[in-house]
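S.K.: Model the placement of chains B, C and D on the given structure of chain A, informed by the hints.
Chains as they are written, first to last, in my numbering: chain A, 1 to 343; chain B, 1001 to 1343; chain C, 2001 to 2343; chain D, 3001 to 3343.
Warning: the hint list may mix true and false statements.
Restricting the straight-line Cα-Cα distance to at most 30 Å, the calculated cross-link-like pairs of lysine-lysine (DSS-like) are [what the hints assert, rightly or not]:
| # | chain 1 | residue 1 | chain 2 | residue 2 |
| --- | --- | --- | --- | --- |
| 1 | C | K2342 | C | K2332 |
| 2 | A | K19 | B | K1019 |
| 3 | D | K3219 | A | K156 |
| 4 | A | K308 | C | K2122 |
| 5 | B | K1113 | D | K3308 |
Please keep in mind that the hints were generated in silico from the structure rather than gathered at the bench.
What follows is each chain in one-letter form.
Number of protein chains: 4
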Amino acid sequence: MYSLKNDYSEGAHPKILEKIVTTNLEQCEGYGEDIYCIEARALIKEKLENDNVDIHFIPGGTQTNLIAIASFLRPHEACIAANTGHIFANETGAIECTGHKVIAMNSNDGKLKSHHVLEAVKSHTNEHVVKPKLVYISNSTEIGTIYTKKELKELKAVCDEHNLLLFMDGARLGSALCSQENDLSLNDISNLVHAFYIGGTKNGALLGEALVICKDSLKEDFRYHLKQRGAMLAKGRLLGIQFVELFKDNLFLEIGQHANDMANILRNGISELGYNYLVNSPSNQIFPIFPNDVIDKLKENYSFAIWKNIDDENTCIRLVTSWATKKDMVIKFVENLRCISKN
Amino acid sequence: MYSLKNDYSEGAHPKILEKIVTTNLEQCEGYGEDIYCIEARALIKEKLENDNVDIHFIPGGTQTNLIAIASFLRPHEACIAANTGHIFANETGAIECTGHKVIAMNSNDGKLKSHHVLEAVKSHTNEHVVKPKLVYISNSTEIGTIYTKKELKELKAVCDEHNLLLFMDGARLGSALCSQENDLSLNDISNLVHAFYIGGTKNGALLGEALVICKDSLKEDFRYHLKQRGAMLAKGRLLGIQFVELFKDNLFLEIGQHANDMANILRNGISELGYNYLVNSPSNQIFPIFPNDVIDKLKENYSFAIWKNIDDENTCIRLVTSWATKKDMVIKFVENLRCISKN
Amino acid sequence: MYSLKNDYSEGAHPKILEKIVTTNLEQCEGYGEDIYCIEARALIKEKLENDNVDIHFIPGGTQTNLIAIASFLRPHEACIAANTGHIFANETGAIECTGHKVIAMNSNDGKLKSHHVLEAVKSHTNEHVVKPKLVYISNSTEIGTIYTKKELKELKAVCDEHNLLLFMDGARLGSALCSQENDLSLNDISNLVHAFYIGGTKNGALLGEALVICKDSLKEDFRYHLKQRGAMLAKGRLLGIQFVELFKDNLFLEIGQHANDMANILRNGISELGYNYLVNSPSNQIFPIFPNDVIDKLKENYSFAIWKNIDDENTCIRLVTSWATKKDMVIKFVENLRCISKN
Amino acid sequence: MYSLKNDYSEGAHPKILEKIVTTNLEQCEGYGEDIYCIEARALIKEKLENDNVDIHFIPGGTQTNLIAIASFLRPHEACIAANTGHIFANETGAIECTGHKVIAMNSNDGKLKSHHVLEAVKSHTNEHVVKPKLVYISNSTEIGTIYTKKELKELKAVCDEHNLLLFMDGARLGSALCSQENDLSLNDISNLVHAFYIGGTKNGALLGEALVICKDSLKEDFRYHLKQRGAMLAKGRLLGIQFVELFKDNLFLEIGQHANDMANILRNGISELGYNYLVNSPSNQIFPIFPNDVIDKLKENYSFAIWKNIDDENTCIRLVTSWATKKDMVIKFVENLRCISKN
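Chain A extracted, bound-state conformation:
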């Protein structure tokens, strides 16, 4: 049984793990003030080509979203997100638990567009409803699509016009940046959004996300929020070391590229066999639609998520690749599918 269920089935990229091992006995400061966290911040700033940001390392993605958003907003302010947005659909009301409403806008491709934001703003104009203040987007999105530079610029423009904050959830930013369709650089992102995070967990780390705060007014006292919400690890070195390794050379993007390459093999093979997709997703998550009996046979050798019922005979599944996905396994998957499809 081989799993294509998600991008967090295995542990860490071997280079990361090796660094954890070789530094294990060094004595470090606690709480994210160690030399590795400091070095990792410097390395990321270099890659961002932007020195005017604050960077904090946080164990997980939901935690990053909730701490950032709760620290950025006043009690009456709300988020705008796509209805597929992770904070709306997959985080057990984590944002609401901090007191803030998430206004969900229907989107077919997982992306929130400037017209969605405008619509939300226009329908929230007095004190009997919440005040939209933060626009939440994911790149890549929860269904594998990615934002273009044009789309991000349009979002920024509408945010600037209406005094909104633009926040990007980058749990799968590595894969997004390495997509063949991507035209955004890390520098672009740091200039176009007010805060974003660079996902480690789904891009080769054991755990950890790097929150990048770009807008000055959002930076103050952020470490208090980390501590208050339980995100300040005593052995913060664990996060710093991993991001040093991801960013000191090019590992972060190499991992994204590998995951995408493996997804491309799957995508090309599946397309050649004549199958369609729920959505065109040029990243490490693909959503092919198969007849149910094909899925039953695939299940004998692979695990994956059942995404959505299409009709009585067809179902959409999700296949996800990662740094650890093996080339021979995805080739074999396509071969298997070919055999199954012939019968």
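M.R.: This is chains B, C and D only, laid out in the frame that chain A set:
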């Protein structure tokens, strides 16, 4: 420069790290439902000699406290803690941030006694003040003292009488259980408190605490709270693997014992030189009082926390030992102190 | 200029005001423990024909909703409401501010049906999403429709099956109960929902709502929540006196009947002139659709809410009647409309 | 039985009630935007001799405190208050329920002094503890003492130096301002604090407090918070009308003066009989210490609060006067006491 500043300066115990490395490429379920988390739960239940508990692995201590307490209490209910209690004194209002007041009782030795609880209950008897509902204790305490079985039984009795929950923060439970003065077993604890956590971070793990919920009514839906507060790691295996290693043989207690042994060497040496302590702390944290010029000289070779000003000429410092503290270093510390003291 | 904008433009029904005046100098207990609150509770229980309920008086409707819901739910639990539901659409995220998500279901007539509840339950089945726990309905709804006994029984059945709480917002319960289409009694309601409130503010009081808690497990410690959220008035008598007056004879229903009678005059007159409605609303709120130039002329003499743009030439407005609406004024409104329509 | 238990035993001052009656049938805007609220704001600004403030009317005191404080603070920020402060001691954790810790400083006379503030600031200097941000004081305090201009200036100075907000709870501001020992004017207060409220409930109104926001940055979007926390009454006129009546002439201070005069009669009489006080309180609350048998006899004719046990034979009680306290009753109380004391 050698650090005796805390018990989280180094990484993980080598056995734990090795297990992380050797299992790295295995594909596991996410979110704490992997085989290692399952195995770790079984192993801990064995050591507890108590099968009727629920066990959850959580990245850090503050997070464990806040999630457990927020899930246990209704909005109007409050905690009772010693004024030195971690949730009152060191967690940036994490409990208040979830909506609950912490009623602090003054205690000289870091321990909350049954009479403190009774006093808090008696001064909170109507709806114009919060309703005390949860008694928070730490074992060992924040100043290194430990609870006796008698004290814990008395606390349980007053809790039972007043329908209160008894919760033990076990960030340093390993050291407490290995103290020469300890008479509590893990089984005792699981029978006397309604929930507690077994600290990994300060006892040899990279990160991670094992929350043990003993009282049935507190168990329902706990995983929702983990997710909602951002504590459910995608690669939950990372926590499971470490607790397997800590509990499959006797590593958890071996680490506590080593830390205590190192503290004993320090304590005996310091006492022999005629110094006093802020408090008698029979665990891995000791609080000697030194003349300020002695401290200045110690600072040349050691880092440690300045704990409390005693008078114009004397100050209390905190020395902490861990799994990683080296015997030759603590012997050398005592030697150094002897030399300094002679001059 | 005459206002048909809402049912809170005037002060209190004269009988209520008179009682406030005549009791003004009596010395009473504070905080809702006075003889009038006690009497009012007894009178309401009589009308409910149900002695097994707890009754609390709360200044306003949003406050009642948020305190009740926050006291009933654990942090991971959510509400289900119609997308027009007051807690979703008109309370500035008051429920989210207490930490709870509101799951909105699209409904054409403002009513949440059992199939909506079922759909919400079926799409929320694991700990990565909130757990639906409370079903919020309004009677009459925000667009003037009312629940039938059959609908309420079906809702109760689905709630019972899925261990959900059924909560009714009765801000306009007086009008609902007096509707020609109503088949529910107060007794029915107290048997079919777990908690509900009887609106005073929109039914002749200066302010005040009576929260009725029917389910035993929801009753405990409720006064703590009142105090904690700022709803326990020092001069609680003010609320008690008003509800005594509303319930000692039949004033509560007389007011609802009068409001409905006035709405009927409007409805009949408007219908006779051939106009349509956004929705069939058999209570004190009606939603006629008029050509824009008709609306412009009506505006010269009446104030009302513009509800919804229908098309380029037509708009829906909201007309609301109350205890204070004068018969000659609504007759005159219809006359005016007739004149305007002829030209 | 005559009650000296508190200043909210009776209803409203007759002039206020009369105004409510005479305006009852007027149609007004809802939600605090009616002509009476507008007029009341203008009148209060006149009395403040300060036009640069925002004024909001809120049903109760706890509600005012919690909404103001929650809207002013970010999640990691805390209040500093005297241990007798209403938000610490009498509001069921209302502030903590909004997520913020209250740091309590021991004070003998109910007043928070600048040295208390400084002490709190100095002991909260890193992100492992909350960040003190708002200084909460009550004037008069919960034990009847009042602030001098000098004390208030010193508090403001320390607040300015440490970037803290100064907030005054004026539930009993009327009595404070009319105290023989008072040297503060409303104008002084509006210049020295960043926000405060003028209590109506305990100064002759049926209910209602007027929150005055002096600091510009605290004003934005405040009405959203009112609505979100359930404090925006539909018939907001009820609050506006009362404050018009309190401030259009001099009624607010006349009431404070009457209450103080009645307290003076009690105080002088009790002192003449040789009794002592818990604290020197020059306002409408006094705290005499009586032998227990004297108290038992007083109880036959008067109700009052038992405040504090002094020793085995003596107890401190609280006597409170108000607009409604009758001169002949307090004279009679002193007579009664004299008789009791003689025997």
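S.K.: If you draw a straight line from the CA of A:K19 to the CA of B:K1019, is it 30 Å or shorter?
M.R.: holds (15 Å)
S.K.: Between B:K1113 and D:K3308, is the straight-line Cα distance small enough, at 30 Å or below?
M.R.: holds (25 Å)
S.K.: Do the alpha carbons of C:K2342 and C:K2332 lie within 30 Å of each other, as the hint requires?
M.R.: holds (15 Å)
S.K.: Taken at face value, is the distance from the CA of C:K2122 to the CA of A:K308 at most 30 Å?
M.R.: holds (14 Å)
S.K.: CA of D:K3219 to CA of A:K156, is that 30 Å or under?
M.R.: holds (27 Å)
In this structure, every one of the numbered hints holds.
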